[in-house]
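Starting from the known structure of chain A, fit chain B with the ligands onto it as the hints suggest.
So the chains spell out like this:
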Amino acid sequence: MSMTGRERLLNALAGKPTDRPSVISACQYASYELMDATGASWPEAHRDAELMATLSGKGGAEIIGLDAIRAPYCQTIEAEALGAKIKSGGKTHIPSIAEHPCKLDDTPECPADFLERGRVPVALKAISLMKERYGDQVLVMGGIGGPFSIANSMIGITPFLKAMFKTPDKIKPFLEVGLEVAKKFGQAYIEAGADAIVIEDMMASLDMISPKNFRTLAAPYEKELIASLDVPVILHICGKLDKVMLDIAETGATAISVESAVDVPAAKQAFAEKGYKTAIIGDISPSGVLLSGTPEEVKEAVHDALKRGVDIISPGCAVAPSTPLANLKAMVAGALD
Amino acid sequence: MATKEELTHKLAQAIVDMEVDEAEAVAKAITDAGWFSMDLLEKGIAAGMGQASQYYEDGEYFIPELLSCADAAEAATDVFRPYMQGQAPEPKGCVVIGAICGDTHDIGKNIVALVIQAAGYEVIDLGRDVPAQDFVAAAEREQADVIAIASLMTTSMNHMADVIQLLEKRGIRDRYGVVVGGKPISASFAREIGADRYAASAGAAVRIIDEWMQAKKQMQVAE
Ligand code: B12
Ligand SMILES: [Zn+2]
Chain A
1 MSMTGRERLL NALAGKPTDR PSVISACQYA SYELMDATGA SWPEAHRDAE LMATLSGKGG
61 AEIIGLDAIR APYCQTIEAE ALGAKIKSGG KTHIPSIAEH PCKLDDTPEC PADFLERGRV
121 PVALKAISLM KERYGDQVLV MGGIGGPFSI ANSMIGITPF LKAMFKTPDK IKPFLEVGLE
181 VAKKFGQAYI EAGADAIVIE DMMASLDMIS PKNFRTLAAP YEKELIASLD VPVILHICGK
241 LDKVMLDIAE TGATAISVES AVDVPAAKQA FAEKGYKTAI IGDISPSGVL LSGTPEEVKE
301 AVHDALKRGV DIISPGCAVA PSTPLANLKA MVAGALD
Chain B
338 MATKEELTHK LAQAIVDMEV DEAEAVAKAI TDAGWFSMDL LEKGIAAGMG QASQYYEDGE
398 YFIPELLSCA DAAEAATDVF RPYMQGQAPE PKGCVVIGAI CGDTHDIGKN IVALVIQAAG
458 YEVIDLGRDV PAQDFVAAAE REQADVIAIA SLMTTSMNHM ADVIQLLEKR GIRDRYGVVV
518 GGKPISASFA REIGADRYAA SAGAAVRIID EWMQAKKQMQ VAE
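Each protein sequence line maps, in turn, to chains A and B. Counting with the numbering used here, you get residues 1 to 337 for the letters of the first sequence. Counting with the numbering used here, you get residues 338 to 560 for the letters of the second sequence.
Bound-form chain B, shown alone:
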């Protein structure tokens, strides 16, 4: 019989290989053996999704592949969910994410959300076509660390600035890191609207959010 380590590895591999049924079956084998523990989320599911998103960034996987990996990860997570009660690990931070109003493109945003979550953050996904005030309200409600805004269209990108203006108006701009992204967005556009950072890919988004959290911790220590 397979060991727990072997099954964990097999789970990650099933996710990378887009095998939804296999991922579900391996997850069941793990819970049936009474081996469920929270680190499986990291070592099995997040590891598999991490590898998948690496393949995507390297141009080896495309969106259909990545979406299918996400389905496999989802299937395994569903099996684990009843066992996770009350044992949720401390997330690295909380990120509120959404596609700005007027924009119904969400494939890229979903990928970013998936990868940030796999990297250990709590992600509040507001969906698409999200008005500026909803970003701010959710960030306040969830006491989030970062607001991540996506725009895929030159018709909607200007509305990203509304979120920042609203934060300023309420005097809460420094509470949040604001990260923006999407095809027509650039670092200079991000600066122009007063966002903190721009990221061109999901991997880059995780790196800059990690940096942001580091900086925030240091500031808190300094205070």
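Only chain A is shown next, with the shape it has when bound in the complex:
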């Protein structure tokens, strides 16, 4: 039996059998070689739906051969729509926030026209184009920030972290707006044709906050967001998450996307004991293997990940744009043999 990428990934997410292991990239996968090959490049592709759909769709589905395609590439879209000033990253870098829209003492709110602001319509349109062109072959995924990460981006990470500690009540309104924004954006993606949603809550990493804060300030909002989205949801969080893997599973995510810092066999065991079916996606190292390894090493890393119980193969985090295309293809090839 040979499956389409779409069938394969849907089965893998549901814990059903597949013809071979599924390969995706949960976070961004645009690379310079992919930009050359598709003729759609940064920075234009950040602000043009057709280019975004081409780079992500053609690049992911036709050129790399992934089972899912996703947009966008950058995590500043929500912040920009909330009023942040953005500094372009040019062709080689990624956009960043030059000025945050709020201060800690402000009362934030989710603008009524959020979906019409900044690059939000671009990302939504790109998803609908991708669905139209590739929707029968691969899964189409819309990417949003997690409530915790969106809340952070409104006032800046350092003031946020300090306030978390000293005046936690002041950050609750930002988390609420982060949740509302993420819900709106996620639901709009689904209406535009997205088959799945990827939530990147990179700031809710234990690299940044304690397990206790994760449980009180990040996970409850993730959970409410996931409950509001009627499609499979992949939750990506960076870094070493061993102490909160069960908490992440309890958010209700269909799958968790992790880096190689996570002890996958231990997490699988803990899930099994609780009867959790949450799939684990990962954990090919974007810098150690994909960027600087050989195609052979990439394939070995794929085999090793499968041996450790990773359910769906993916880079552990965002792909470096200078990653050789041969290595991205080798990640798919590694699942074929």
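Each hint should be verified, as a subset may be incorrect.
[To be verified] In the DSSO-like style, the derived pairs of lysine-lysine whose C-alpha atoms are separated by at most 30 Å in a straight line are:
(1) B:Lys506 <-> B:Lys554
(2) A:Lys240 <-> A:Lys166
(3) B:Lys506 <-> A:Lys91
(4) A:Lys268 <-> A:Lys223
(5) A:Lys162 <-> B:Lys380
(6) A:Lys125 <-> A:Lys184
(7) B:Lys365 <-> A:Lys166
(8) A:Lys103 <-> A:Lys58
(9) A:Lys162 <-> A:Lys172
(10) B:Lys380 <-> A:Lys166
(11) A:Lys243 <-> A:Lys274
(12) A:Lys162 <-> B:Lys365
(13) A:Lys212 <-> A:Lys170
(14) A:Lys166 <-> A:Lys125
(15) A:Lys184 <-> A:Lys223
No lab work stands behind these hints: they were computed from the structure.
Only chain B with the ligands this time, still in chain A's reference frame:
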């Protein structure tokens, strides 16, 4: 009334406990009593920050805690600053640090800078998104011993090599120890770009910079 030793200890503890107001008040009590001396920087402030960064490395403190400790240390230092004129101790060496161009991540770099400084080095912090030539210019201007470069992103890490190439082009590569760090960086990447050392944490950064300074001194003695 508390003795000077007690207050010094209390200051370190206030920093570990993230008590900004308390740290400031204790520092004032010390200066009011006329007890300010330079060793307070070491025994009070650096000791407190050292303990805090140890807790961080042990996974007991996280970044919010560490940043708040740094605020407390800063508040105490501000109280002491007017008394420090002309009495600055001889630093162990000079480190130029920054996050490489294209990279605006600086939390990790700031922590490293804080801990290196607490360990007795003069630290010239160039901030973030720093072009290669600025690292070299600052190192030359300050006659630094070590250049420490941070990168948190796979888009920016390749630019770390530019600093080393520039040093080589100017024929001044051996004047500086080049230390690199940040999440996607590894020892093998450091070797590849010709850096001297890689450190995975702030504590490790201090250890390797200490080693570097030792080696440098021995070389100078040998010459
Ligand atoms: C906080 C954060 C931010 C904050 C940064 C705030 C700030 N002032 O620093 C903000 C929100 C601004 C941000 C922005 C972006 N970020 Co960011 N961010 C993170 C996050 C969540 C944590 C990084 C961090 O501070 N860790 C904590 C510190 C303490 O750890 P550390 O830096 O590793 O430092 C330790 C060691 O490495 C070492 N060390 C550090 N520096 C040095 C230096 C030397 C010399 C030595 C010896 C040692 C050393 O010591 C430190 C202490 O132990 C990571 C994901 C994660 N969880 O890791 C993403 C992450 C790094 N960001 C990422 C991205 C993509 C971005 C953006 C491009 C987002 C966008 N536009 O879409 C922008 C970048 C813009 C730019 N041009 O730089 C990606 C990078 C992906 C990649 N492949 O490279 C990550 C991995 C998240 C992701 N999955 O997408 N980000
Ligand atoms: Zn990540």
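Now for the hints, and whether the structure bears them out:
1. Only pairs whose Cα atoms come within 30 Å are accepted, and Lys506 of chain B paired with Lys554 of chain B is accepted, the gap being roughly 25 Å.
2. Our distance criterion of 30 Å between C-alpha atoms is met by Lys240 of chain A and Lys166 of chain A, whose separation comes to about 25 Å.
3. For the hint pairing Lys506 of chain B with Lys91 of chain A, the CA-to-CA distance comes to about 27 Å; that is within 30 Å, so the pair holds.
4. Distance check on the hinted pair: Lys268 of chain A and Lys223 of chain A sit about 20 Å apart at the alpha-carbon level, within 30 Å; holds.
5. Proximity of Lys162 of chain A to Lys380 of chain B is assessed by CA-CA distance (about 26 Å); at most 30 Å being required, the pair is judged to hold.
6. Among the hinted pairs, Lys125 of chain A with Lys184 of chain A is consistent with the structure: their alpha-carbon atoms are about 15 Å apart, no more than 30 Å.
7. Restraint check for Lys365 of chain B and Lys166 of chain A: the C-alpha separation of about 23 Å stays at or below 30 Å, so the hint holds.
8. For the proposed pair Lys103 of chain A and Lys58 of chain A, the alpha carbon gap of about 41 Å is over 30 Å, so the pair is violated.
9. Distance hint between Lys162 of chain A and Lys172 of chain A is fulfilled; the C-alpha atoms sit about 14 Å from each other, no more than 30 Å.
10. The suggested pairing of Lys380 of chain B with Lys166 of chain A holds, with an alpha-carbon distance near 26 Å, which does not exceed 30 Å.
11. For the suggested pair Lys243 of chain A and Lys274 of chain A, the alpha carbons sit about 15 Å apart, so the restraint of at most 30 Å is met.
12. Distance hint between Lys162 of chain A and Lys365 of chain B is fulfilled; the C-alpha atoms sit about 24 Å from each other, no more than 30 Å.
13. Annotation: proposed proximity of Lys212 of chain A to Lys170 of chain A holds, straight-line Cα distance about 18 Å (limit 30 Å).
14. The straight-line distance between the Cα atoms of Lys166 of chain A and Lys125 of chain A is roughly 41 Å, outside the 30 Å bound, and the hint therefore fails.
15. For the hint pairing Lys184 of chain A with Lys223 of chain A, the CA-to-CA distance comes to about 15 Å; that is within 30 Å, so the pair holds.
In this structure, the hints that do not hold are numbers 8, 14, in rising order.
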